[in-house]
Amino acid sequence: MSLSHDHIRRLGRLARIAIEPEESEAVAGRLNRVLRLVEELLAVDTEGVEPMAHALELPERLRPDAVTEEDRRALYQSVAPAVQDGLYLVPRVIE
Amino acid sequence: MLNATVAELSAALAAKQVSSLELTEAFLERIGRLNAVLNAFITVEPERSLAQARAADALRARGDAGPLAGIPIAIKDVYCTKGQRTTCGSRMLEKFVSPYDAHVVERLERAGAVALGKCNMDEFAMGSSNENSYFGAVRNPWDHGRVPGGSSGGSAAAVAARMAPAAIGTDTGGSVRQPAAFSGICGLRPTYGLVSRYGLIAFASSLDQAGPMARTAQDLALLLNVMAGFDPRDSTSAERPKEDYARDLGVKIEGLRIGLPAEYFGEGIEPTVREAVETAAAWFVSQGARTIALELPRTRLAVPAYYVIAPAEASSNLSRFDGVRYGHRASAYADLVDMYCRTRAEGFGTEVKQRILVGTYVLSHGYYDAYYLQAQKVRRLIAQDFSRAFERCDMILGPTAPTTAFEIGAKAEDPVQMYLGDIFTIPAPLAGLPALSLPCGFDGKGLPVGLQLMGPAFSEARLLGAGYRYQQATDWHLRVPTQTPL
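Residue numbers (our numbering), protein chains in the order written: chain X, 1 to 95; chain P, 1 to 486.
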């Protein structure tokens with residue numbers, strides 16, 4: 001299948017990436033080339049094959065439910081674009 | 001000294017023939033001289049490196065130093081280094097100073113290694129040429145008009161140009177091995193889970209693995225001995241007894257069963273690459289190895305499966321770059337969603353955005369089963385082919401890449417052409433297996449060719465042993481890049 005400009009606009013919205021109308025053509029061209037490459041997969045017979053999510057066939061390790069981290073809020077917030085009183089600042093979402 | 005291996009430098013340090021401070025100064029001087037041409041490093045902080053060198057000399061003087069104490073090592077800029085800029089090759093993290101160290105960086109530092117600086121790379125490790133870096137392309141030390149490979153292109157170029165005796169890279173679909181091959185050095189992708197990824201900026205978490213790069217298999221073993229080991233901070237870290245990866249360096253080739261997959265010697269491979277790899281295979285036979293003809297018919301499906309799975313995981317991993325907690329934030333926006341969208345449009349480069357969009361597409365409603373689940377099923381078929389192959393052989397030999405280094409710009413317009421060049425490096429990560437790339441000759445243009453040895457899970461020592469024996473008998477790894485002489 002081939003992606004239309006509507007598809008590209010929707011994907012950009014889902015991925016939170018602004019795509020200007022004048023870029024749309026080039027983006028669609030590149031994505032369509034990649035989709036043509038991966039289309040080869042669709043014809044492979046995988047009847048009865050379990051999807052492989054992970055290379056290590058091990059169960060996820062569990063650890064005791066105990067606090068192991070110390071408070072590093074100030075350190076981690078020191079690299080944030082905008083903080084105030086220990087909070088991350090974002091544009092107003094509620095009027 | 002600039003041309004010495006890690007093992008040689010370690011012996012010289014132990015014998016007090018040289019200090020870490022002298023070594024570090026010498027490599028920093030060479031970086032200072034060559035980096036304007038090669039662009040292998042994004043960040044170099046001489047004072048920071050020299051302080052580590054002084055500490056390593058003190059460690060050696062106290063007499064409790066391991067083999068890496070005082071050895072300068074270059075670090076791919078995907079590894080977080082505390083208090084130092086960590087860009088991942090992206091505008092998104094151009095000014096990001098990491099508040100903590102990656103696990104591997106911690107281990108190297110504890111072993112007394114000296115961090116020489118942060119190496120250039122394809123943005124977020126997405127690329128096979130190092131042309132996708134926000135900080136510009138890296139040049140191949142053998143031919144400055146060509147790419148060094150990617151995504152660990154800066155690390156590979158640094159080692160090849162003798163700006164560092166060793167480097168650490170990461171390999172998701174070939175990002176350690178392919179640049180090692182293009183730049184004429186050695187690179188190892190360890191088994192998935194062997195080296196902790198804590199503090200590595202994530203690209204595709206079911207595939208990402210950290211690996212060493214150096215000029216000999218012996219040096220890779222020395223590095224891996226320090227890098228490998230359980231880390232509770234990485235939920236995929238394997239809990240295994242400690243191993244010595246140098247233990248098989250003395251083991252003979254005789255009796256080794258080497259698989260040769262027909263698909264790795266067929267169409268699309270440059271004849272000079274094939275010849276060099278076949279000559280290497282013949283050397284193993286001359287030493288008493290047995291070759292076994294194999295078929296890995298799903299090899300051609302590895303590239304499409306990878307370019308569904310890796311973008312899917314990337315679209316999820318890179319959602320963390322939202323302009324709120326760290327990294328770039330757009331300066332003008334209408335509301336919160338617009339801030340996300342503009343921040344990411346500005347902060348990410350073309351290839352990264354493309355992969356996020358592909359990943360978003362294959363994970364979206366109506367396409368998830370057809371693309372993503374199907375790719376995961378094909379991934380299992382590919383892994384099963386390897387399991388069956390390793391019932392009949394100890395390792396699989398083939399080329400690392402179908403070509404030698406290409407010219408800068410040659411594949412920039414067509415991402416798919418670039419992707420197809422990853423055909424021989426992608427299968428091992430899909431199956432979670434270790435794979436080693438070694439120099440095995442040159443093509444007609446004088447560009448290095450890489451030989452790949454792939455093994456079953458956790459067979460690193462055996463791969464490195466075979467590589468070491470090969471390097472005892474050949475001198476490809478000793479050649480100095482013609483366009484970047486000592």
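Hints in this document: simulated from the structure, not taken from any laboratory. Hints are not guaranteed to be accurate.
[Said to hold, decoys possible] Label-pair restraints from in silico Cβ distances: (1) X:Arg10 - P:Gly409: 45 to 53 Å; (2) X:Val79 - P:Gly136: 20 to 28 Å; (3) P:Leu2 - X:Leu42: 51 to 59 Å.
Where is the CB? At the ideal position from N, CA and C, for every residue including glycine.
Here is what the structure says about each hint:
1. X:Arg10 - P:Gly409: 45 to 53 Å: 32 Å, violated
2. X:Val79 - P:Gly136: 20 to 28 Å: Cβ of Val79 of chain X to Cβ of Gly136 of chain P: about 24 Å, so the range 20 to 28 Å holds.
3. P:Leu2 - X:Leu42: 51 to 59 Å: Roughly 52 Å apart at Cβ, these two residues keep to the hinted range, so it holds.
When each numbered hint is compared with the structure, a violation occurs for hint 1 only.
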